[in-house]
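Student: Sequence:
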Amino acid sequence: MKKIVITFVLVFAVNLISAQDINWVSLEEAQELQKKTPKKIMIDMYTVWCGPCKLMDRITFQNKNVVDYVNKHYYAVKFNAEGNDEVVFNGKPFINPNYNSGRAKTRNSPHQLTRYFGVQAYPTVVFIDEDLKMLVPLRGVKKPQELELYLKMFKNNDHKNIKSQDAFTEYYKAFKPEFTEK
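What the sequence shown shows, in my numbering, is residues 1 to 182, in sequence order.
These are computed hints drawn from the structure, not numbers from a lab. All figures in this text were calculated on a predicted structure; none of them were measured in a lab. Just to be clear, a hint being listed does not mean it is correct.
List of simulated lysine-lysine pairs, DSSO-like, C-alpha gap at most 27 Å [as the list claims (entries may be wrong)]:
id : residue 1 : residue 2
1  : 155       : 78
2  : 155       : 105
3  : 143       : 182
4  : 182       : 163
5  : 78        : 64
6  : 152       : 64
7  : 72        : 36
8  : 163       : 105
9  : 54        : 142
10 : 142       : 163
11 : 182       : 155
Working from the sequences, and respecting the hints, build out all of it.
Tutor: This is the structure we're talking about:
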């Protein structure tokens, strides 16, 4: 009986933990989904060797508030910025012609899509609007409340009214985060 209870608790815990995952899709899937139900796209540009990328996965992309908000309002894409995937974005194919399979677990050549978005550091979160236009490449590790600002700003289209650094500073100062850090 004790083993059954322990097994039940473990299964429940695993289901609870897995319920806190962002619904990551491929870039192609996000574009197809967007045709049916337009939403902005959030792309996590990471690399396999990047420690800060792993930190952001752990502290931000596992945060319940972030998970719930992203799953509700965005199509989320996780893209290996130095990987070998062949992708099509906005009708244009992208590859990594200088990819070295012998360096698959270490630094490699940046993917053409990485260069297209102007990503120069990892992690970078790229936000794309409903017309497949890039809004911003957001560089560096962002804690849940830091990412919340951008998630809500783009979802609500507040960025369209921000025309200067001073206007962004005002928006930033007035923003009241609601996400918890855990």
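Student: Are the hints correct? Go through all of them and say.
Tutor: Results of checking the hints against the structure:
At roughly 19 Å between alpha-carbon atoms, residue 155 and residue 78 fall within 27 Å of each other, so this suggested pair holds. A hinted pair counts as satisfied when its Cα atoms are at most 27 Å apart, and residue 155 with residue 105 does not qualify at roughly 35 Å. Straight-line distance between C-alpha atoms of residue 143 and residue 182 comes to about 10 Å, which keeps the hinted pair within the 27 Å bound. The hinted pair formed by residue 182 and residue 163 fails the criterion: a straight-line CA distance of about 33 Å is larger than 27 Å.
Proposed proximity of residue 78 and residue 64 is supported: the alpha carbons are some 18 Å apart, at most 27 Å. Proposed proximity of residue 152 and residue 64 is supported: the alpha carbons are some 15 Å apart, at most 27 Å. Annotation: proposed proximity of residue 72 to residue 36 holds, straight-line Cα distance about 15 Å (limit 27 Å). Between the alpha carbons of residue 163 and residue 105 the distance comes to roughly 41 Å, so the proposed pair goes past 27 Å and is violated.
Distance hint between residue 54 and residue 142 is fulfilled; the C-alpha atoms sit about 12 Å from each other, no more than 27 Å. For the suggested pair residue 142 and residue 163, the alpha carbons sit about 23 Å apart, so the restraint of at most 27 Å is met. Simply put, residue 182 and residue 155 have alpha-carbon atoms about 22 Å apart, close enough for the 27 Å limit, and the pair holds.
Hints 2, 4 and 8 from the earlier list are contradicted by this structure; the remaining hints agree with it.
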